[in-house]
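Kindly produce the complete structure, drawing on both the sequences and the hints.
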Amino acid sequence: MNLGSDRKTRVAASVPYQRFMVRPREPEKEFCKRKDGRRDEELRPRIFESGLVSDASGSGYVEQGSTKVVAAVFGPREVTRRKEFSLKAQLRCVFTFEPFATPGGRQENISLLEQRYSSWLEESLKPVVQLRRYPKASIDIRVTCLENDGGVLAAALTACGIALATSGIETFDLVIGVNLRAHGDRVLMDPSHAEEDAAPSREGTYGNVTLGFMPVLCQITGLLQTGDSEPATLCQQISSLIKIAHGVKPLMEECLIDLGKLQEKLSEVQM
Amino acid sequence: MSGHQYLSEEGFRVDGRRAQEMRKLDCSLGVFAQADGSAYVKEGNTVVLAAVYGPHEVRGGRVKALHDRAVVNCQFSAATFSTAERKRRPRGDTKSVEMTLHLQQTFETAILTKLYPRCQIDIFVEVLQADGSILSVAINAATMALVDAGIGLRDYVCACSAGVFNDAALLDLNNLEESQKGTGLTVAILPKTERIVLVDMSSKIHSDHVSKTIEAAIEGCKDIHATFDAKIKERVGRLAALINTEN
Amino acid sequence: MAEELRILQSQAELAEGRFQRKDGRAFDSHRAIEISKGSIGTADGSSLVRLGDTCVVCGLRGEIAEIQLGESGVPSANIGVEVKLPFKNIGYSNPSEEEQALSQTLQNILMSAEAFQPSPISDRFFWVLHVTITCLAYDGNLTGASLAAISGALSSLKLPGAHHDLELDILQVDDNYQNVKCTQPIGVGFGIINDELVVDMSNEETLLSNGESMVVIDEDDSVVHLHKGGGTSVDPKQLQSMIQDAKKHSQELRKYLK
Amino acid sequence: MSGEMCVPGKRICALAEDKFISGPGTYSQQGYIYASLTGVLQITKQDDGKKSLVEIRRPMGRLAVPTPGSVVTCKVTSINQRYAKVSILCIEETELKEPFRGVIRREDVRAFEKDKVEMVKSFHPGDVVLAKTLTMGDAMSYILTTAENELGVVIALSSAGVPMVPISWTEMQCPKTLEKEFRKVAKVVPTVKEL
Amino acid sequence: MANLAVSDSEKTFIIHGVEDNLRCDGRGCLDYRHIELELGAAPNCSGSSHVRIANTDVLVGIKAEIAAPDHAAPDRGRIEFFVDLTANADPEFEGTGGDELGQQIAGALAEAYVSKRFLDLSSLCIVKNQQVWVLFVDILILELGGSLYDAVSIAVKAALYDLRIPKLTVSIGEDGKPEIEVSDDPHTQEPLAIANVPCFVTLSKIGSQFVVDVSQEEAECSTVNMCCAIAPNGRMATTMKTGVGSLHPDSLIEALQLAQEIGVALHKALHKQFVKAQELSGRTNGFLL
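Chains as they are written, first to last, in UniProt numbering: chain G, 1 to 271; chain B, 1 to 247; chain L, 1 to 258; chain X, 1 to 195; chain F, 1 to 289.
Treat the hints with caution; some may be incorrect.
[Claimed, not checked] FRET-style restraints, in silico, Cβ to Cβ:
(1) X:S28 to F:A110: 27 to 33 Å
(2) X:K116 to B:A33: 51 to 57 Å
(3) F:E10 to X:V120: 47 to 53 Å
[Stated by the list, open to error] Computed footprint of chain B on chain F, listed as stretches where at least three residues anywhere in the stretch have a Cβ under 8 Å from a Cβ of chain B:
(4) 35-46
(5) 80-87
(6) 100-110
(7) 117-128
(8) 132-143
Just so you know, the hints here were simulated from the structure itself, not pulled from any lab data. Just so you know, even glycine gets a beta-carbon here, dropped at the ideal spot from N, CA and C.
Take a look at the structure:
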């Protein structure tokens, strides 16, 4: 154990207790039923909210099962970094995990994952925003994961979508993130963290697929597949993810329209 | 290991060289198309790559620009696999910062900076393999890259390392010899005038031996100059021939 | 920016001796507080607090540390606090001064209240509690809201059993999660505006009063933290009434927490 | 259709140049007009009675960045002999959450006798100025101008801390101390609402 | 250089060329540029390679060290990637300027190598739970000429091909703890099984066509890339969309199938080159001289 204490705060150096847990290594058996009793293609209940972060131009909160993600959009505002003049807005996205968000305690190398997620989100959001309408400005998006129980990246993208749609920044379309876990012949929609991390199936396809999708324009804005797959299978999986995204869209619209109506009432009161 | 083992009674060093013998020197110019000048220098097992960009507009705000001369910007960096033990990072450690400073000071004197007012000249040095005499090889590579870029120089800057073992001066130290405490120094000269632009001695040498060692190093620098001069003349000659055939 | 103008206006009104709270509250009335506890499964204890427009998430993590042999002087703290303010500035940077100051204050309060008292694991190992406060939206009285969130999270804190086998020198943790003995400090923020004692200030009021006082009350009604910084001077009587008011409020809030 | 709540990406109608024009809050692509904001759809007949403007109005107001030609409200932060640095607080009607930086150069203060302009006699730090965006400027600041009658200082405090009253287009007076100070004063045209 | 000024008319020229399946350097849309390959380029490494695709120049050195294994995988070796974008490639990368891109590439590589189906690291285990070989794969990017992911992954695969790890004998010592002995004989060094190691195939969309191995100029014309890690047997280890644009599902399907075909062919060609390069290894001065 690495010992000592932080000189400034005098907090003793400590390690997560999960390190000392004795976990009998489960034999790698094929799981036939999902732990929460869902069918393979069934999604977990999700909650979409907006306007949680009042200082931001727009914000979104997504709960997908017990995965919880908050996104806040700031700007368009002045570029703080000295950069070259650009006729398009710069979009920056920073994703962070709360220290208590990951199962199994704090993780050492989480910042690498955070950076990877940040750049993936950035590239998946750039096709959505009408960057040319905000020359010389910067649009900053902060995403925080409060709890990780699978599908963080998809939930984060959806949260960013809500945040953008409520911010008043002009976009081409809504953007929705969806994900699945492939395990042999089975395709588990919206997997939990345990399912995402499960041992690979003995043969055939396995892995996680996350998709960012603009439902009206029918465009894929982001894709990340890991594990072991092949083109034909992946294509099938993508088309079923697209179906799921279309299914999620009404819920998102409802959330946005509710907020819109609320804002309308508020502005009438203020008049 | 004590000093005498570095030079056997028969006068041979650990790698079989004689005391005043240099390692095999290879170099090639213009290895990269994108940089304004580049050079690859291989001295024994020490391999250094240098690239020169510029003269160009001063990057990062015009505040840094000097109205009467060019800004010389250097960076020394070594590949993480260049040393026997893996390095944790390629640059930013104290040694690299020190090397950067040496390079910068050396080339600020050597480059005719007055010719390029309000400009910046970048010299990037990348060590691919380190086997002693890194600073001298880095300086040599940077010189070649500057020549390749066609930047005005007072003269070549040629550098060579030397050390003392049992009262004998050894030239062009390798890693093993360098790791011996209290031995080496690096000298860089402008060969035409034989003026010294840099002496870096961070180890202990008896005062009686210092001037002797420096003299030996200067001889080494002259050797290097001869090799480089021949190399560049050959290259320029070839280029000139090419131009002639095009016409 | 318009905020700047609004404050100018309020200041002008204040100069004329008029002051009213924008939301129509009485000077001694608190904003409605909303606490949801234990909503984050990956944390060992958690809560979300909304106090007016201020919104704070608190997550707790238990970790295990080893007592250092031969360490003299002050024992190291068993509570660490990390505060993240409303995320405005983007980019990876170290915590701002404001965040550090608030972290330190909260840590001091929790330490002096002895908020976290688990049974020790063995002579060598003990529990350390890591508190993370994330402020999602800020509208004044952040310290009060953070303390309420910490209290809420502490009341939902559950840690597994840990056993140190002295013979084999093996530390083992089971999955028998149990509540931990904690005390819950409650903080009440005050300000003085126009010679009136104003409680639970919003952001605008905080700027007007330029200075906030803090009274933190323990479970057994003892004051564990008292801070008066900047702003108008107070007379001892006002200080007295602050403490009284804080006691009253902390009792109410405690009932709500249960 | 007017009055309906739209979300970004909603296909509103086919783009027909002679019937519908894509207005604020919408964009057109491949023959259709789509919403680009969450807000209320508004279709207004244009003056010529043929075309209709399709726009999405956002109840909370529009977000904006300075564009050439837009009138901005800004506060002077510092001045020197060549230019005044300002921070832009409002663009047209929109309040900004965070300011943008801008400069008013000496030659852009007024329309005539440009070479005789003295910055100290035009602006003081702290003045609230109405200006127009001239160009996008460099990577940092926007370049603004006050070279119109309606542009210039609108609010300025005297040394006594009291808002001054304009007495000519180059001078303002403190109502308390009656002290006069030089400014490039804007001729404020009362809007209909204020009347 | 990373920042390249390509004018609108140049872009139009490139896009029109691509539509006619003719690129500026005379290639078709799905042709690679000539790949120069050298093994053993850094003699003080356990495995190294140097790959040059037109202007893209990548040097890879692998150092094997003995260390403790990961908590999660006690019976497998580890592989760690570090990508250093040198200032030689672009002055922008001076100091820490290239770190972000470097981490992105390293992350993508780690993702492609994570599964034991593609690279089985269990042969790198020395003593379970205690000591394993850790492969530090250090990638040096000396010049940028487009198609970086592809070039890097080819160079890494080549370096893994060149990798020789000393054979170790483990015996149980007197105190019951295992003792490790390193054999001095260079002929007992073992290569790593790399038959299934994937390489990245990046397809960039220019106009309506997918193009492989883009140059810097062409990269400026495309907004969206599909980056697929394809194994020699045609399986995909990881796929990601990069770039600022979006894709229609139909073109995605097209891209994935193309990537598979190209990937399989690429691996075949690479294998031949590896064998050839190994014969020459250590006998040439390298193509920089």
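Hint check results:
{"no.": "1", "hint": "X:S28 to F:A110: 27 to 33 Å", "in the structure": "violated (43 Å)"}
{"no.": "2", "hint": "X:K116 to B:A33: 51 to 57 Å", "in the structure": "holds (55 Å)"}
{"no.": "3", "hint": "F:E10 to X:V120: 47 to 53 Å", "in the structure": "holds (50 Å)"}
{"no.": "4", "hint": "35-46", "in the structure": "holds (count 4)"}
{"no.": "5", "hint": "80-87", "in the structure": "holds (count 4)"}
{"no.": "6", "hint": "100-110", "in the structure": "violated (count 0)"}
{"no.": "7", "hint": "117-128", "in the structure": "violated (count 0)"}
{"no.": "8", "hint": "132-143", "in the structure": "holds (count 5)"}
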